[in-house]
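Dock chain to chain to rebuild the complex, using the hints, since each chain is given by itself in its own frame.
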Amino acid sequence: MKDINLIRQPIGLRLSSYFFLIFWCIVAAFPIFWITVISVKLPIDAFNSNPLNVIFGPATLTQGKGLSFIDITVGLAIILFTAKLTTGWLGRMVNKYSPNGYLGFGWIIGSMAFGISFIVVFFAIMPSMLSVLNDYAGELGNNIIGFSTQHYSTVWFERDFINNFKNSLLVTTGVVTISLTFGTLAGYGLSRSGSNLAFWILIIALIFRALPHSVLVTGYLPFFINSAEILRPIFGDAAPTLYGMPWATVAVLVAINQPFTIWMLRSFFQSIPSELDEAARVDGCSHFQAFRRVIMPIMWPGVITTGLFSFLLAYNDFLVTSMLLEAQNTTMVPAIVSMFNMETTTTDQVVAVAAAVSIIAPLFFLVMFFQRQIVSGLTAGAVKG
Amino acid sequence: MNQKTFLAFIGPSVVMMVLFIALPLATVLKQSFYVTQPVYQTLEVETCTPTFTGQLCVKEIKTIPTIGDNGKMITQTSFVGFVNYQNVLELPRVIKAFANNSWRQFMVIDFWKALRFTLSFTLVTLPLVLSFGLIIALCINNVAKSIRGPVIFVSLLPMIITPVIGALSIRWLFIGDGILTSFLEWWLVRDISMFAQAWTIELMMMFYRVWHVAPFAAIVFYAGLQTVNQDTVESAIIDGASRWQKFRYVILPHLMPLIVFVTLIHLMDAYRVFEEVIGFSSQAHVISLQWLTYDFLTSDLMGNRSIGRASASSMLTMIGITLLLIPVLRGVWIDYKGKRL
Chain A
66 MKDINLIRQP IGLRLSSYFF LIFWCIVAAF PIFWITVISV KLPIDAFNSN PLNVIFGPAT
126 LTQGKGLSFI DITVGLAIIL FTAKLTTGWL GRMVNKYSPN GYLGFGWIIG SMAFGISFIV
186 VFFAIMPSML SVLNDYAGEL GNNIIGFSTQ HYSTVWFERD FINNFKNSLL VTTGVVTISL
246 TFGTLAGYGL SRSGSNLAFW ILIIALIFRA LPHSVLVTGY LPFFINSAEI LRPIFGDAAP
306 TLYGMPWATV AVLVAINQPF TIWMLRSFFQ SIPSELDEAA RVDGCSHFQA FRRVIMPIMW
366 PGVITTGLFS FLLAYNDFLV TSMLLEAQNT TMVPAIVSMF NMETTTTDQV VAVAAAVSII
426 APLFFLVMFF QRQIVSGLTA GAVKG
Chain B
2 MNQKTFLAFI GPSVVMMVLF IALPLATVLK QSFYVTQPVY QTLEVETCTP TFTGQLCVKE
62 IKTIPTIGDN GKMITQTSFV GFVNYQNVLE LPRVIKAFAN NSWRQFMVID FWKALRFTLS
122 FTLVTLPLVL SFGLIIALCI NNVAKSIRGP VIFVSLLPMI ITPVIGALSI RWLFIGDGIL
182 TSFLEWWLVR DISMFAQAWT IELMMMFYRV WHVAPFAAIV FYAGLQTVNQ DTVESAIIDG
242 ASRWQKFRYV ILPHLMPLIV FVTLIHLMDA YRVFEEVIGF SSQAHVISLQ WLTYDFLTSD
302 LMGNRSIGRA SASSMLTMIG ITLLLIPVLR GVWIDYKGKR L
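Quick note, the sequences are listed as chains A and B, same order.
Note that our numbering gives residue 297 to position 232 of the first sequence, counting from 1, and the numbers run on in steps of one.
Note that our numbering gives residue 257 to position 256 of the second sequence, counting from 1, and the numbers run on in steps of one.
One chain only, chain B, in its complex shape (with noise of 0.2 Å):
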């Protein structure tokens, strides 16, 4: 295929991925350095009330947004520098905590609070996601294929299941006197309450978690298992290599390939958490990074967004994503410039 038939082919998606994406993130990059703000006026206003002996008149200086001739509120965009980041990082607030060695005061603070709790959250679920959907497909491979099937189709409905209501759903089982908790309350013999310490919601989230997405890595490693090579797992058996010596030796490097993608996939999506918050309503005990974000874009009371803030949070998110994923894309890199020499 020569080039011009090429670049036929693949321009409308790349035009589109320019213009849709691209273009977006460089308005974030430009908003992060911007604040939009009402213009506001200071007035005196004269408030004057009757009362029996005349008129009482206050006099108050006060501060209100500017009404242009539209209705609407005049606002005016200013380059800032990187007031946007520090308002997200809070960096004085910070070294106060550290002056004062409280961990506790660190993680009262919005961003680190959040950053705290996605990557403990993706990478406390990484290895879980990874060994249930391993054990999930060895079992599966272990069973007749009659019920295979129907074993996948199970498995196939926590994956598929909108991720708000998945979370809502395991949310139902343990809210208020859900069976879940009931049956803990009668098995531990106390009172359990689920949602109101941190802990116990982080723990029904990563819960969430790995029921959500172990069904899709046990998919992916089952379809792995399917072509190892049969002779080789002859040749070690005939080799006197024990079970574990038989799936540590030659069934597990040859899924090895899987569990780099279903790493990098789980680390992709667990680091946007975000439906968790929602469904499980954690806001106020636990948030991730792209709940703070969603929390800047949404309009509080006076109809006002803090659009530069949540662009310096969304630039911060990028930057972490970034670096987490380092470490994976270079082994698939060096892999890949191997396999090509």
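Same shape as in the complex, but just chain A (with noise of 0.2 Å):
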């Protein structure tokens, strides 16, 4: 059908909506990109009052730290070319090879595979085939604005970051396992019932939704410092002390977590026409096998749009992790604000920013990936009821 909306539209209005969109488009991306830039300057440059100077970094390329047009053209290019393979490539590469009904795990490995991939082809394999090209291109092969990555590998090898890179993994990746079983189990359940219990299930969930989390983190506190003494008539000498333990945050996450799970899984199953488990009832299967064999094969978009959004609240997390870790030991968006909060001198600042892209990358490329599946995971809870 034609869109009537369009051929109407008034070229003025249609402008206007160009404009706002390149406006918008800005004040969206601007803070990001902003700190993008200044964690690969040096702190002369990174806090310029001149945002020229920022850019293109002259304290920095005195340095001989620098980035020349070629290497800008070519770096470009790949990062384009990436995220023109993520949207359509992937995709069918993740469905033609991966086996019948393991499609989410096809996803999950097919998506690991190319991002680790692209970081060695990227911060590997280019940086130095593009000195070498440098060295013959000439006036080309000249930097032209600076760069540095001094503050990344200050972050990461000197600051321990790794120790707090891999509690972030632990405790998000226990969130998205524990959080997509017992959830989708219910969603399933939610989806098929109509009797007065599932609403009010559903009703407390949203209860629970609203919630806010310092409420939980109260709740559990005393618990966690306490545990080993409360839980010694249970497991006796070998009762752990729970604060300070990356695991056991993930239950507190999960908790917040769950009914916002339920919620979503139980909207995509509902878009499941219901005559398909019947059909595989009629032929001799068990509720659970239906679920099992029939239903969660075609339910993998769904899971894997709820599973981005559990690991987005995992992975974001500061209320829950800085009080329930150590100060030593927590997950990366923690140490970032205590990395932040001590700061003394204006290099210390700019190492916080790197540590800071550093956290936001990945989710960058997370974006990249599953953009569709993101979008599809916000208007579920909305459109479909």
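Check the hints yourself; a few may be wrong.
If you want the footprint, here are the derived chain B segments under chain A, 3+ residues with CB under 8 Å [stated by the list, open to error]:
{"hint": "1", "region": "14 to 21"}
{"hint": "2", "region": "28 to 36"}
{"hint": "3", "region": "136 to 143"}
{"hint": "4", "region": "150 to 163"}
Label pairs and their calculated CB-CB ranges [claimed, not checked]:
{"hint": "5", "chain 1": "A", "residue 1": "Ser218", "chain 2": "B", "residue 2": "Cys58", "range": "57 to 67 Å"}
{"hint": "6", "chain 1": "B", "residue 1": "Thr76", "chain 2": "A", "residue 2": "Ser403", "range": "24 to 34 Å"}
{"hint": "7", "chain 1": "A", "residue 1": "Arg358", "chain 2": "B", "residue 2": "Leu20", "range": "22 to 32 Å"}
Think of the hints as simulated: they come from the structure by calculation, not from any bench.
Given the structure is predicted, the values throughout are model-derived calculations rather than measurements.
Idealized CB from N, CA, C, for every residue including glycine.
Shown next as structure tokens:
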């Protein structure tokens, strides 16, 4: 059908739409772009009051650290090529090669392999090849923009950020796995039942969704600190002190996440016609078999989407992890806040910025890979009711 | 699906929600009526310092925490009724402030200061998020299909970025001689310090929140715009509806459930404002209810945490969000009942 809206738009309205969107995109991307720019400059450039000096970094250049015209072109080309691949080719490859019914695992493995090969190409192969190329290129090979990775190496190798990274990995993996396992079961059950009980469980889940996280933390903290004594009657001397254990925070984050997971998965399950499980039942499946063999294989898009949002919650959390973990052994986000608060020199500030960019870089690629899933996840709760 | 299989499916989740959400909530309620304190003992301590003329001894009566056999402080927990709530609400000071007719004295009290900011933050950002989201969605709907994808990609960035870092990235634009502060100084030809007074910090926090949430609203509304019934739009145009009337009487009613949905989610999330306080380090000027609880929970130099007061402020925070959500939930409820009948 012809889009009557589009045809009848007067030119002024369309132009102002474009202008507004350009404005919005600048507003949306600028702070993120800016901290990325700052993080690769020496402190003198990074906090210069002239924006052009910040972007081109003359002081960084005089130290011989910079990017040439060729570097920038090749780098941008590789990024654009990657983006192109992720939107089409990757999905096709995953669909083609993952065994039947394991599309989710296929996506996970596919995107991990893709991410790792991108990192290898972009950070290892490309720089060494480019340095050779720059020597031969003459004028084009001269550095024009200051660029230094020293703050990143400070963060990752001197400040022991790898330890924080491992904790983040542990917490996010735990949260995603557990919430999805429990959530799919409950979501399926709720979507296939019209009983009053199901309705009330959903309402209670919605109320739990509104709980401020600090309330739950207040409930957990005394228990976590004294857990060795409280659990002694059950576990004997092996009773652990949960405070400071990354895996123990998984329980809290799953609890925070569960109401939302259930709601989202329920709305995805509802979009699968129940005739499908009836057909499976007629063929002699039990309810659980129908769920496992018939529904789950076509539910993977919904599961991936919900998993993404669980991942974001666990990855982005500050409140729970900073409260329940010790300052020396936290996940990445609390670590950067403490880094930021104790900074004294401008170098330390830029190091903190570099840490921040390191944290959000994976998220950037996440949006690139999973844009469609994120959009469908946002609208799932709303449109399908 | 019969009752038994239904229970088997939802069982694990329900058990988990009871164990990990309902039970902690119950303990918070209980804790809010108790106070855990170290047991203090008064000791007479004699300290002697040698001087030229002999020893100079001073006797002092000191109150120190009792240390148990395991080297830890002995604590005792006692029921105190509503004392924790009184300590959080500080009603005598409130009454005094009102007697003096002084808003400023009132705003010095932590809880009320936090409540004032949390509520105004929530209620100011709500219309901004809704209207910006709607404008962005309408604009995306207006432009050519080929650039919608990239625009949505860029729009998603502020939404999924780690909140603390999002706040920090805005802060880095303004802090000290950050480029936006320099720009404002150049433009207004005066010295500006964005972090010296409460209202500029609040302004930045609200800006951050709108920046962070508007994409969510925009994408939900954009999805809604795709399902507008084109026949209705056409007949409205044939009936001579102007562009504004078409928007007001066809598109807006169609989006209404989504507007309610975004409102509900935004009320829940904005009321939890916390990361902004951390990101902008605004605790000296602006605090929120969640931050207050967080602050009570953080151990002081002696290693004590005021769990009792934190619980009380948690309970009060919860009462607040319930009151805030009741009007919206009531609307949803009436709508739901209407659909069922």
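State whether the coverage of the region 28 to 36 of chain B by chain A holds or is violated, taking the criterion as 3 or more residues with Cβ-Cβ distances under 8 Å. holds (count 3)
Given a hint of 22 to 32 Å, does the C-beta separation of A:Arg358 and B:Leu20 actually sit inside it? holds (30 Å)
Does the Cβ-Cβ separation between B:Thr76 and A:Ser403 fall within 24 to 34 Å? This hint holds: roughly 28 Å between Cβ atoms.
Okay, the region 150 to 163 of chain B and chain A, do three or more residues pass the C-beta test at under 8 Å? holds (count 12)
If you look at each residue in the region 136 to 143 of chain B, do at least three have a Cβ nearer than 8 Å to any Cβ of chain A? As far as the region 136 to 143 of chain B goes, the hint holds, because 7 residues have Cβ atoms under 8 Å from chain A.
When I compare C-beta atoms, does the region 14 to 21 of chain B have three or more residues closer than 8 Å to chain A? holds (count 5)
Satisfaction of the hinted span 57 to 67 Å by the C-beta atoms belonging to A:Ser218 and B:Cys58: Given about 60 Å between the Cβ atoms, the range holds.
Comparing the model with each earlier hint shows no violations; every hint is respected.
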